[in-house]
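Novice: Each protein sequence line maps, in turn, to chains A and B. Be aware that the first sequence starts at 206, since it is given in this note's numbering, and climbs by one per residue. Be aware that the second sequence starts at 44, since it is given in this note's numbering, and climbs by one per residue.
By construction, these hints were calculated from the structure, which means they are not laboratory data. These numbers come from a predicted model, not from an experiment. Just so you know, even glycine gets a beta-carbon here, dropped at the ideal spot from N, CA and C. You may find that some hints are simply not true.
[Said to hold, decoys possible] Per label pair, the in silico range of CB-to-CB distance:
id	chain 1	residue 1	chain 2	residue 2	range
1	A	211	B	326	22 to 28 Å
2	B	577	A	264	23 to 29 Å
3	A	233	B	447	45 to 51 Å
4	B	346	A	211	45 to 51 Å
5	B	496	A	257	51 to 57 Å
6	A	233	B	350	24 to 30 Å
7	B	346	A	264	49 to 55 Å
8	B	512	A	206	58 to 64 Å
9	B	243	A	266	36 to 42 Å
10	A	264	B	273	46 to 52 Å
11	B	435	A	211	30 to 36 Å
[As the list claims (entries may be wrong)] Listed next, the stretches of chain A that the computed footprint assigns to chain B, with coverage defined by at least 3 CB atoms under 8 Å from CB atoms of chain B:
id	stretch
12	229 to 238
13	246 to 257
[As the list claims (entries may be wrong)] Here are the simulated lysine to any residue pairs, SDA-like style, with alpha carbons at most 25 Å apart:
id	chain 1	residue 1	chain 2	residue 2
14	B	45	A	239
15	B	160	B	416
16	B	343	A	241
17	B	70	A	266
18	B	427	A	207
19	B	354	A	237
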Amino acid sequence: MLDLRIPTGLFFAATGIILSAMGVFASSARAALSDANVNLYSGLSMLLFGAFLLLLAYRKRS
Amino acid sequence: MKLAFVDYLILALYFVFVIGIGWTLRKRNKSAGEFLTAGRSVPVWITSLAFLAANLGAQEVVGMAASGAKYGIMTAHFYWLGAVPAMIFVGVFMMPFYYGSKARSVPEYLKLRFDEKTRGLNAITFAVMTIFSSGISMYALGLLLQLVLGWSFTASVLVSAAIVLAYTYLGGLTSAIYNEVLQFFLIVLGFAPLSILAIMQAGGWSGIQHRLPTVFTHTWTYVGHASENPMGVEVFGLVAGLGFVLSFGYWCTDFLVIQRAMAADSMNAARRTPLMAAFPKMLMPFIVIVPGIAAIALTKTIGSGYSLPLKAGGGYNYDLALTTLMSQFYPSGMLGVGLTALMASFMSGMAGNVTAFNTVFTFDIYQSYIRRNQSDAHYLMVGKMTTIVGTLLSVGTAYLAAQFNNIMDFLQLIFSFVNAPLFATFLLGMFWKRTTGNGAFSGLLAGTVAAFTTWSVTVAENKGGWLANLHQFPSTMAQNFWIAIVAWSTCFLVTVLVSFTSAPKSHKELAGLVYGLTDVPRDRNTPWYERPVTLAVIVGAALVILNLAFR
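Okay, chain A solo, but in the shape it has when bound (with noise of 0.2 Å):
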């Protein structure tokens, strides 16, 4: 039976790192009205939530 947490915990982990490198590369894109880099806390809290659950479930087959 396939282990939900690793395609959720791939998605959000290749989602975050998107995000992430947008935040970094591209640190000057900014929303009308947000001055924060969105892109970069956002795709870090993705990266960091798809690492947790990847780990569940690495944890769990071994």
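Please arrange chain B on chain A, whose structure you already have, making use of the hints.
Specialist: Chain B alone, transformed into the frame defined by chain A:
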């Protein structure tokens, strides 16, 4: 709103993952039971998140932000007064009968408990309503994407329907449920930053309180009289109509959500499904309603740079609160995630409809009335075909809705008349042995007629009252709540009266279906945190705290 390459990349990545999950699960499709009911083998953390996500369609997300902007935090009554108490009730008290009866669907439970005609009535109305609500939400999504992004209506409708069809056809209910979990996380992670950014911009919760009339930041203080709050509801109509009849009617009887709990791998897991779902459910207002409140606060602040768009005929276009906030607060990249989250919410709602429809059609309509006693492979084939046909019918309904908007409003009104009395039937059926099939059937019909009659003789915002104008409600919401109260009470009374005039089923036939004739599961050997009653107490306490904090 203008999308960049990276936004499309994230959307495409999401499409790849949902179809990929369906593809990985395609082998779990060997029998009708596996395809349509997930073979009762799904872990509880997955069923509980799917329980939430199936209800969290795009209309819900967009609509809650709109209501937040229009009515303020009172909108949270739909969660803190409505949904959560009903979820506690279904988990603790009703799930033992649904799961224990071995029924494969809610209509089938009615067949076991009552008789064929009650099942038929429920199955057919449910099937029709499911297709229509799926089509209507598809229409709403297509319209929104056309307005905000300039995408073609046909392209949005067809692409999103094709993807939902692909993964539900490949992996059946298991695939729909697994994807709903991914979609749920995406909805939370995609919309939560918006809530945070919009609140910060409005000066935090205290800033919002400062900028708006106090009624927008209180749930209970202004419900003493209908004229005090923008919803136009008073405390009895609110508590009895929304808190009791409407939300218990939905969360305790609607197969769309119950199906998720019935797919769980044990009785204990089935009972814990709605209870564990209640924790994130309680917090959803902070993600879906609060951004709307921040939007109206920013609109009322001169020089904030944000304003809700206006409708052609005047007044704010509240339905655009969510998407306009996204375009103002999300840069390219996060904008793609937000848009993907909107798509995800639409798909989780639609997959919920499609998987509930194919199960009810296959087991309760086809197997019961069209062809009995066929092989399992035959019903598996019918289930798969129904998945395709159901999706096509939804697409057709979306176009119908685009053509005849008023008819759709009217249909949704009729559906609400059919749904309003349902909870009385289930309550009596599960907790009173004497209830008979004739009682249940006539009670349901009488309740629906009573709902229609109430609507015909009362007026609210120029709606209803085509027969007479006996009473004027301050708002259509108040009218809906009272229609529900009348329908429920009528159904309850008629069911009881007719039950006394007809012969009940024997105790042997009712074993496992009614309170008092069913072994209530004992939790002595389960740890405290896995006991439904303990969880219910914790959820209840948290709920009281939330209601007090925002009173």
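Novice: Are the hints correct? Go through all of them and say.
Specialist: To see whether the hints hold, each was checked on the structure:
1. 211/A <-> 326/B: 22 to 28 Å: holds (26 Å)
2. 577/B <-> 264/A: 23 to 29 Å: Cβ of residue 577/B to Cβ of residue 264/A: about 27 Å, so the range 23 to 29 Å holds.
3. 233/A <-> 447/B: 45 to 51 Å: holds (48 Å)
4. 346/B <-> 211/A: 45 to 51 Å: Check passed, 49 Å falls within 45 to 51 Å.
5. 496/B <-> 257/A: 51 to 57 Å: Once the Cβ atoms are compared, 55 Å apart, the range 51 to 57 Å for residue 257/A and residue 496/B holds.
6. 233/A <-> 350/B: 24 to 30 Å: This hint holds: roughly 26 Å between Cβ atoms.
7. 346/B <-> 264/A: 49 to 55 Å: Check passed, 52 Å falls within 49 to 55 Å.
8. 512/B <-> 206/A: 58 to 64 Å: Hint holds: Cβ distance 60 Å, inside 58 to 64 Å.
9. 243/B <-> 266/A: 36 to 42 Å: About 41 Å separates the Cβ atoms of residue 243/B and residue 266/A, which means 36 to 42 Å holds.
10. 264/A <-> 273/B: 46 to 52 Å: holds (50 Å)
11. 435/B <-> 211/A: 30 to 36 Å: holds (33 Å)
12. 229 to 238: holds (count 6)
13. 246 to 257: holds (count 6)
14. 45/B <-> 239/A: Since the Cα atoms of residue 45/B and residue 239/A sit roughly 17 Å apart, the hinted pair holds (cutoff 25 Å).
15. 160/B <-> 416/B: Holds: residue 160/B and residue 416/B sit about 20 Å apart, inside 25 Å.
16. 343/B <-> 241/A: With Cα atoms ~23 Å apart, residue 343/B and residue 241/A stay inside 25 Å; holds.
17. 70/B <-> 266/A: Roughly 22 Å separates the two Cα atoms, so the pair holds.
18. 427/B <-> 207/A: holds (21 Å)
19. 354/B <-> 237/A: Given that 25 Å is the threshold and the Cα spacing comes to 23 Å, the pair holds.
Violated hints are absent here; each numbered hint is respected by the structure.
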